[in-house]
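Position chains B, C and D against the provided structure of chain A, taking the given hints into account.
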Amino acid sequence: MKGKLVVSLLILSLTTLLLALLSPEPAETIVRFFTGPFRNIYAFGSFLSSALLLVIAGTGISICFRGGQFNLGGEGQVYSGAAASLTAALLLPLMPGFIAKPLLIAAAMITGFLIAALSGWLRHRFSIHELISSYLTSGALVFFCDFLISGPLRDEESFLIATQRIPGAYTLAQLLPPSPLHSGIFIAAAVAAASHIFLHRSVWGYRLRMFGEQSTFARFGGISPRTYRIMPIGISGALYGLAGAVALLGIHYRGIQGFTAGLGWNGIAVALIAGTSPVMTLYAALLVAYIEIGISSAMAGAAVTYDLGLIVRGAILIVVTLKVLKRKQEELL
Amino acid sequence: MKFSGITLKGRMIAFLAMLTIMVLAAETPAAAGRAEEPQQRYRIAVFIPGVTAGSPIYDMLARGAQRAADEFDHVTANIIEGGTNQGEWTGKISSIAAQGDHDLIVTSNPAMPEIVNEISQRFTTQKFIVMDGHLEGNPNIYTLRYDQYQQAYLAGYFAGLVTASSMDHSRSGLRIGLIAGQEYPDMNRSILPGYRDGAQDAAPGTAVDFRVVGNWYDASKGKELAREMISAGADVLLPISGGANYGVLEAAIEHNAYVIWYDTSGYYKAPGVVIGSTELLQDEATYMKVKAAVLGELPFGSAETVGVEEGFVRFVSDDPLFEAHVPEEVRNRMMERISQMQQ
Amino acid sequence: MISPRSSDVPALSCRNIAKTYESNHVTACRDISIDLHAGEIHCILGENGAGKSTLMRILTGDQRPDRGSVIIQGETASLSSPHDALKRGIGMIHQQSNCIAELTVWENIILGAEELPLVLPVTAQGRTRKAVDRICSTYGLSLPYRKIASKLDSSGIQTAALVSLLLRNVQVLIFDEPHTLFSGTPPPLFTDLAGTFAREGKAVAVVTHNLETAFSIASRITVLRRGASMGTFLPQEIDIKGASRLMMGLPPQFEAAPETRPHRRAPSRQSPVMTLDQVTTEGDPDNPSVLKDVSFSVHPGEILACVGIKEHGLTTLEGLITSFASGRGDPPRLAGGTVQFDGLSCGYPADLEDFRKAGGAYVPSDRLVTGTAVRCSVTDNAMLHVHKNLTGSIPGIIARDKALSYARKLIKDVSIHARPEDVMLSLSGGNIQKLIAARELALNPKLLIACEITWGLDIMTQEFLFSRIEELRSSGTAVLLITSETDIALAHSTRTAMFYRGRLSCIADTSKVTADQIGDVILGGASI
Amino acid sequence: MIQSLLQYTLPILLASFGGLVSDLAGTLNIALESLILLGAFVTYVVSIHAQSPLAGIMAGSLASGAVVLVFYTLALKGRANIFVTGLGLNLLIPGAVATASSLMYGTRGVLRFDNFPLQPTVLSVPLPLLFSYAMLACIWYLISASSAGLRIRAMGLHPHVAQIRGVSPFRTRIAALVISGLACGAAGGLLVLSLRAYVPNVSAGRGWIALAAIYLGKRRPWGVLAATVLFGAAELAANIAQGMFALPSPLFMALPYVAAVTALIIQGLISHRKKPS
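As you go down the protein sequences, you meet chains A, B, C and D in turn.
All residue numbers for the first sequence refer to our numbering, where the first residue is 465 and numbers rise by one.
All residue numbers for the second sequence refer to our numbering, where the first residue is 602 and numbers rise by one.
All residue numbers for the third sequence refer to our numbering, where the first residue is 2 and numbers rise by one.
All residue numbers for the fourth sequence refer to our numbering, where the first residue is 5 and numbers rise by one.
Watch out, some of these pointers could steer you wrong.
Claimed, not checked - Below, a list of computed lysine to aspartate or glutamate pairs in the DMTMM-like style, where the Cα atoms sit at most 20 Å apart: (1) C:K389 to A:E677; (2) B:K892 to B:D702; (3) C:K148 to C:E103; (4) D:K222 to C:E103; (5) C:K413 to C:E471; (6) C:K513 to C:D488.
Since the hints were made in silico from the structure, they are not lab data.
Extracted from the complex, chain A is given alone in its bound form:
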């Protein structure tokens, strides 16, 4: 716990340092960075809405880590989840919102689950490491979703590479207009709570933890290696898919090419900072969202380039591994 605080402070000071070094107007930039999410209602809402997506995505990866697996296919899984939801929303007959929303979310989660579970199954069946297979499937899927949005689902009227809007009844309620904060925040809260209960209270969560912690011990206890090679990464895929659906229904309302990009990688960063615990994921997601919004605010106000965000994110990952990751994950990788 103390470690997390140290890491957070380290990350914040590193970011400050980088901003100070790389910005032509350091003082202005740093002030804007730190006050970024609180400058106005819109920024605050954006902060929470990006944090809530990170909570969903990061929680999945946390569970995946606890199960002793690594999922590098986040980018493709988020995008595919969103695309599945989008396809259903645009192609199915119009339904009342209360039926449609759960249906769309389920479509996204199932899609994400199946994609990720494939990697788990390949690991179990053919010993193909899930790192490489999840990355490669994700690579292919990103292009496939690009194709869906730019091809069959494309809105011919628009100058964006985008689909038509989904029916208004399907969207998640706005909570803090004009900011993009939406009722997906309750979904994120539910995910965080449910994953905590799942991991620490449920029978399956217990088995998953045991399998991830010491697979021989788990097999000794009769826990099926196949199920628990597929379940952790599958759950992370399902939650990535969910994050895609929430981004679609809560923020974008339409498919725009590449509209979920970055969420997959940030999910991993969140989980690494959180150190594989769903509860700490809340905290890590707020931290990462804070940095994201802070940087974009610094960019908008002071002459900070787009690249600084990359440098900061990269530095975070490098620093985080020095401190946080436990021995188990080292062995795993």
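What follows is chains B, C and D alone, placed relative to chain A:
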């Protein structure tokens, strides 16, 4: 693993408390600062949907706006790069609008009007200028559109002339190429048809080989595609693919083909290989419109379309490299067509 | 036979070595002092767990002692790594694993050879090749240099390892269990080799529990038991029997009178719970760990102890019966014969889950990787087999109070000092083992397989565990005890099955055999 | 056609061989993608300043090697996770390169060789290309025949035994990682020199394809060579097919990834059929 609920809860409360304090701290000085300012400052945000570097049209946008701002003491222009991901543009412009300290947001892209229009519903006092796009009727938005069909037509007409000519590297196959970074609406609706029609008018029966890199940066792939195109018989290539243009250029140099540059003059990039250029006078247009906006003379809510007739879209025919490398006969036919269009 | 030049300064010696492993709190060495002189063949005898391997690890720099010192040529040395030891001329031939299976023999030999420049090809025929050839011809060894090491038999692998040490000019050679080595074809006779090395002035140490090998070559013999030295002897001072008695903790000189042991019920007339009939497992029949034609059955209400050297089939037996391999490999497979576990209708090969469903419980010999998840809490470890029954009103959700009280019950069962939320690793080795036993015993099994259950435990803990096992037995559970500790079998079993080189040499009522007899059978293959 | 294949394959092959060395040592360098980019940028900078493409590609190679040396030393010494460090580098390097580009040239965009010096050639092969071939040959020799390669492989296969034989884990691993950096840098140099321009994001996924090739090639030089040629052929086929079929372009883009996954699965199927389970 053990979680002590109390310390966690404590930390969350502390975090929220910190947030609250920061909200208060951040709001006060900003508000106070603005109130004290003696002369009304006029702040312009230039939102680049992409990056300026390597993209002449955005570079010209930034330069034009900056030039306008520099003419006034109380006007500042702030260039903000939004990156190439379309999905992030809405959020980024929204956050600029939400800050409320920019009097005008200038941007450029055919896709921008619908994004800006949507943002305008939420931030009802924000003014926008959108270049290279078209939207009529929103009282806060002024748009100016270039006739991309015309620009592509010019390029296509010239390509048709060259491929049918007896120039050194022209082959008799009547085949020309267009390499796009991605397929996007303007490309499919205006540029490709314009290019095709231009080539047909210049040399009936000319076929257009159209291929897509998939992104705006993979120059190696651009080079490979261009090489394939050249070996499939195309002798004049029009690359509209951002950084990947340079791969196309390289392939043309290596395999003796011609290139037409788009949006800006490119003769100097490879004399004798880049033999034609079309350009948009985006810098000039942006300068004029931003200046008008500062002076309060811009008719927000209206939309303009400009093309060859107005002089904002043109074929660059006054470059010495053009004269040096293109035979007189081809030049004359091109000039003939241009003057027809200008009437 | 070569006698030690005892006036010399020992080539390698140690004084008062003590070592307790932090990870499992097992005390492997209590107070060991030993001298290895140039020109002698020094055999170090001891049962599994006697501290032999830990001592060797300390002598070769792989472990650091808690107390005591290592002395090389009269100078106190602080060895930082096995490579450090190697540089100082101390090399060890391990049972397995000091060859890299995926590399060729030649690559294995020259790996790390200092004089070979990094950029030269490994196949360079220069000085190294000459040196290796010279070593081979001197000692009459031959090696297929280009073969992949995994294609060699164990003898070939050991020969390669030996050559690589000789190439480095080691002066102290330590052999770990050489009687299982150098058994292939053509057989370089280990005894001849060891003699040659000693004559050349090298110090040779042989670590073994095989008394015959030891007595055929040793110039001196040291016996270890439970982490302490029982003395160093010249071969003429002690015989095989005496040494084996020392290894088992019996006084060397006296023929023990039959001990008074608690009278146990004779094997019950009830039908057996488990029956092995002419069981042979897959593998090379020359390999001592492969089971050959083993038949026995376990009856309700008895404790059948399988004793022997671990590598002589006990590990295979554990894997076969439970259908579970703790390592990466698969469990051993039947090549012939049948295993029947009453209640397990599907028969073998089954899997561990079926074994449990049929009423089997299992205390694995590998307690830290298989028996526990050491970084998880006591509760997590306690509820492994029963977690699905601990759900509360919501299906699938484990009721916290039930889980905690289950953990508390187990803790109380074996009366250890721990809280349910403690991390397993914070417990002592003995307490970990108690908890594992408690977890398995609490299942009230039809059949209990208990493997090396006493390993590293103190007498009190042992007695305690057996009192619990005895309770189970008296209520009708069949207990199969797999142990390499003879005294455990003697003290606690109803019948004893003795294994030698993968065969069941003899099975007898425990009350009718003595420690000597068991020792003879499991060490030499004699039958009663 | 052969030339196209070669031009596509060579940079990936170099990066793949580099990655292979690091993987053999047991510490897979996952940052190939960004190291290619770094090599490309530095190659551009030094080629211009030294007026020598050969010096450029060498410097590019060294620069990537140096970055690997610094960051992975930190990771190995700090007992950090090698893999996450690599992910971090993949984000950090593109940002740092773009920043350096805007500081040095005032643009983070395309940088062209305006007065490009003639490439000195030996037997009509440009020197930088020769350098790359030499590096490829060296790595091949290193891993399959040399004593250093033996140490690297031993470290990956069985660190404990290697350590006993005096192979230093840190030095061996960092050396293997640095070699992967050097190779990726050279791969980036090749891209830049063949384009005669530095284009942001010029690596465009080649580092990831190189990683897949390592696994597909079963971690053997010949296998990796075959895998990269396979990917090259898939890419080439996609490029050619674009001119023939009217398939949507994103589907062509997915082709190399689909090919890689399919090949991995097929390989898994074959190798699992061999051993009964």
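- request: Find the hints from earlier in the document that the structure breaks and name them by number, from lowest to highest.
  value: none
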